[in-house]
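Undergrad: What follows is each chain in one-letter form.
Number of protein chains: 4
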Amino acid sequence: MSMARSSEPETFLAELGRSCYARGWALGTSGNLSAVVSRDPLVLTITATGLDKSSLLPGQFLRVDASGKVLEGSGQPSAETALHLVVVKLRQAAAVVHTHSVWSTIVSDLSAQQRGLWIEGYEMLKGLEGVKSHLHRECLPIVENDQDMTRLSGVVETRLAECQGAHGFLLRGHGLYTWGKTLEQTKRHLEILEFLLEVMGRTHSMVNP
Amino acid sequence: MSMARSSEPETFLAELGRSCYARGWALGTSGNLSAVVSRDPLVLTITATGLDKSSLLPGQFLRVDASGKVLEGSGQPSAETALHLVVVKLRQAAAVVHTHSVWSTIVSDLSAQQRGLWIEGYEMLKGLEGVKSHLHRECLPIVENDQDMTRLSGVVETRLAECQGAHGFLLRGHGLYTWGKTLEQTKRHLEILEFLLEVMGRTHSMVNP
Amino acid sequence: MSMARSSEPETFLAELGRSCYARGWALGTSGNLSAVVSRDPLVLTITATGLDKSSLLPGQFLRVDASGKVLEGSGQPSAETALHLVVVKLRQAAAVVHTHSVWSTIVSDLSAQQRGLWIEGYEMLKGLEGVKSHLHRECLPIVENDQDMTRLSGVVETRLAECQGAHGFLLRGHGLYTWGKTLEQTKRHLEILEFLLEVMGRTHSMVNP
Amino acid sequence: MSMARSSEPETFLAELGRSCYARGWALGTSGNLSAVVSRDPLVLTITATGLDKSSLLPGQFLRVDASGKVLEGSGQPSAETALHLVVVKLRQAAAVVHTHSVWSTIVSDLSAQQRGLWIEGYEMLKGLEGVKSHLHRECLPIVENDQDMTRLSGVVETRLAECQGAHGFLLRGHGLYTWGKTLEQTKRHLEILEFLLEVMGRTHSMVNP
Chain A
243 MSMARSSEPE
253 TFLAELGRSC
263 YARGWALGTS
273 GNLSAVVSRD
283 PLVLTITATG
293 LDKSSLLPGQ
303 FLRVDASGKV
313 LEGSGQPSAE
323 TALHLVVVKL
333 RQAAAVVHTH
343 SVWSTIVSDL
353 SAQQRGLWIE
363 GYEMLKGLEG
373 VKSHLHRECL
383 PIVENDQDMT
393 RLSGVVETRL
403 AECQGAHGFL
413 LRGHGLYTWG
423 KTLEQTKRHL
433 EILEFLLEVM
443 GRTHSMVNP
Chain B
243 MSMARSSEPE
253 TFLAELGRSC
263 YARGWALGTS
273 GNLSAVVSRD
283 PLVLTITATG
293 LDKSSLLPGQ
303 FLRVDASGKV
313 LEGSGQPSAE
323 TALHLVVVKL
333 RQAAAVVHTH
343 SVWSTIVSDL
353 SAQQRGLWIE
363 GYEMLKGLEG
373 VKSHLHRECL
383 PIVENDQDMT
393 RLSGVVETRL
403 AECQGAHGFL
413 LRGHGLYTWG
423 KTLEQTKRHL
433 EILEFLLEVM
443 GRTHSMVNP
Chain C
243 MSMARSSEPE
253 TFLAELGRSC
263 YARGWALGTS
273 GNLSAVVSRD
283 PLVLTITATG
293 LDKSSLLPGQ
303 FLRVDASGKV
313 LEGSGQPSAE
323 TALHLVVVKL
333 RQAAAVVHTH
343 SVWSTIVSDL
353 SAQQRGLWIE
363 GYEMLKGLEG
373 VKSHLHRECL
383 PIVENDQDMT
393 RLSGVVETRL
403 AECQGAHGFL
413 LRGHGLYTWG
423 KTLEQTKRHL
433 EILEFLLEVM
443 GRTHSMVNP
Chain D
243 MSMARSSEPE
253 TFLAELGRSC
263 YARGWALGTS
273 GNLSAVVSRD
283 PLVLTITATG
293 LDKSSLLPGQ
303 FLRVDASGKV
313 LEGSGQPSAE
323 TALHLVVVKL
333 RQAAAVVHTH
343 SVWSTIVSDL
353 SAQQRGLWIE
363 GYEMLKGLEG
373 VKSHLHRECL
383 PIVENDQDMT
393 RLSGVVETRL
403 AECQGAHGFL
413 LRGHGLYTWG
423 KTLEQTKRHL
433 EILEFLLEVM
443 GRTHSMVNP
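First to last, the protein sequences are chains A, B, C and D. The numbers in my numbering rise by one with no breaks, and the one at position 184 of the first sequence is 426. The numbers in my numbering rise by one with no breaks, and the one at position 110 of the second sequence is 352. The numbers in my numbering rise by one with no breaks, and the one at position 84 of the third sequence is 326. The numbers in my numbering rise by one with no breaks, and the one at position 68 of the fourth sequence is 310.
Simulated from the structure, these hints should not be mistaken for laboratory data. It is possible that some hints are incorrect.
As the list makes no split between identical chains, a pair holds if one copy fits it or if it spans any two.
[Said to hold, decoys possible] In silico DSBU-like cross-links for lysine-lysine, where the CA-CA straight-line distance does not exceed 30 Å:
# : residue 1 : residue 2
1 : Lys374    : Lys331
2 : Lys331    : Lys368
3 : Lys374    : Lys311
4 : Lys423    : Lys374
5 : Lys331    : Lys311
6 : Lys423    : Lys331
7 : Lys368    : Lys311
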């Protein structure tokens, strides 16, 4: 099933990538973005590795299959393509974004021992799909970082299965993954989770909280 | 009484909305903006719900009557239209803006037990209408967040009646509401209150204040 | 003596004002900027009061004489014109800028009891005119805020006479004044002092400094 | 050996300089940027001293030889040209950038007694050339600031020889130097080190880290 004409998701994601860079969430060629182009068979469009997100263009995306093999485009797919594929399969996501922000890095480290961050009481939570009240208790799983992508994908898969309601997860000292059922929802989830991570991080800095 | 030709307030507010987004005060489709188009009968122009403020356009506003019923435009009005209507009626406001900034979220939580934030000693206070000195003591009421809009509107109405001098109020863990007698004054009040909330929040982080 | 053709300082200062707004140093119509157009007799071009700095234009400046009387232009001069005139007379400044940043507001309050902020050990100090080493000890006088402009001008005049080397001063809970012998030097002094105020303010937030 | 046509490195570095200014890493005419134009004999293109980085242009670079003597262009080379030359010679760098950010200033001061900052556990480290894992332990040497450029160059040379793996160094209370084998790598190293310095600095502000 084709979700969009080929040029569309790349245009949307390239603009989102440049905007992440501008906010400091994707400096130093960090971060990657993907979208499902077709479900059966699975085709994912994803940023090539090592791109400067300040000038990300639609033509810098690659198409890969369910195993991560390149179908189309030049360059090498991101080393983290395996994580995007896990998310797309487990969550029926239309798009996945991964950012490296200062606050996600800090908060993922501060809360690593609890293996997750619990967020509640904030109106912004209602921007996450299916959340109806600020009293909702969102769990953002935190997974230890690992350079072995096969092992890391397995751990992420287990944690996502345990936390069915999660709208994202953190890799410790690394960054945030989030996704959505549409491109727009993915952008919204990203902005909301980054906002909440900043709120949580800054609250940790309060002397008399 | 018509305050402006129909296209004007929407153009001003759309630009203000995009600028709020750029400053991180309206991420993830949060925030809403409104202006009075006519007083008798009351007609309010207000952002439709769920809009990405990064690309807010004049055409994305709706016109509603005093009960919140849509008179013109497509989409659904913001769930918080009831709060805008309360402000417009009690304060004779020409416009109302509601933002979700990191600092308003944090400060509204830190000072929730006192049910308000008292701000004094800052020159910036003089940008609030009617304030003549930095020695002015501004009270920013803090109201507990609630998903029941009828109940919340009632509480806001009571608090605003108690705090006649307030130029805005905070919903706990949610964000800021402010207003003005003109569009320009509304923008000014917003910038001043967000500035002061950041100052108050950062001062809380000082080890030796 | 004419320092520049009439259009030049206003163009430079309007752009500087918009850039101050973008950095959050002149929100809510705060801040004002001036330049000397002629020395003998003294003619100062200065922003009219109440302008939104996000869209500051060269045409929004007024010309005033040594007593602050308007010679040219429409609108009212800033209430703080008297302070600009004090600086221009005492320091032979070609331009004066006054900003309201979050960090100058916080730091002016934190260090108010010492009546000044001593800054040393930073390479950035070398951007201040006449400073040759980071070991320089810069004193930034802090003056209590006052709505009586005549009285405040007198206090500022006394403090500036005491601190001959100062490149700026702070009004408590209010903001920064700085100046320069050229427009470019004024911009440089502003950026350097705002930078150093942020460094000093953030260092205050360190748990183990 | 010519690395690029003459116009290229200046165009790249001018854009990088303006982007550093926008992020607040090169305010008040601070910061400088250079690139190797030829290796044998060594020709370096470097920003003239005292330039406002908000409007840095390719034409504002100078060409100097291995001793820092100007070969081409008008204006005076940065006083810190000697440090650029040390880096270019010891590290075979194609480009060098020096920034003055708030966080590098603060962190260089906080960790000065240990004479270096050790950074580990962050995925962002992998953006540094040759680093394969977040478990890498990066040492960022910290050198006491000095206005005697000959003496300072000597100290930097010694410290870089001791820390063969370092991708940058800090001058205390002054700022960051980093470099790369290409222009793009230099930009990447800059963004990564500034990011990590902000993470380290903010973590110091945490009450319960």
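Undergrad: Against this structure, judge whether each hint is valid.
TA: Hints versus structure:
1. Taking identical chains as interchangeable, the C-alpha atoms of lysine 374 and lysine 331 lie at most 30 Å apart whether they share a chain (25 Å) or sit on different chains (28 Å).
2. Taking the shortest Cα distances, lysine 331 and lysine 368 sit within 30 Å of each other both inside one copy (25 Å) and across copies (27 Å).
3. Proximity of lysine 374 and lysine 311 under a CA criterion of 30 Å is satisfied inter-copy only: 22 Å between copies versus 39 Å inside one chain copy.
4. Taking the closest pair of Cα atoms, lysine 423 and lysine 374 come within 30 Å of each other only inside a single copy of the chain (17 Å); across copies the shortest separation is 34 Å, beyond that limit.
5. Proximity of lysine 331 to lysine 311 under the C-alpha cut-off of 30 Å is restricted to the intra-copy arrangement: shortest distance 16 Å within a copy versus 42 Å between copies.
6. Taking CA atoms no more than 30 Å apart as the test, lysine 423 paired with lysine 331 passes inside one copy only; the shortest distance there is 12 Å, against 39 Å between copies.
7. Taking the closest pair of Cα atoms, lysine 368 and lysine 311 come within 30 Å of each other only across two copies (23 Å); inside a single copy the shortest separation is 37 Å, beyond that limit.
Comparing the model with each earlier hint shows no violations; every hint is respected.
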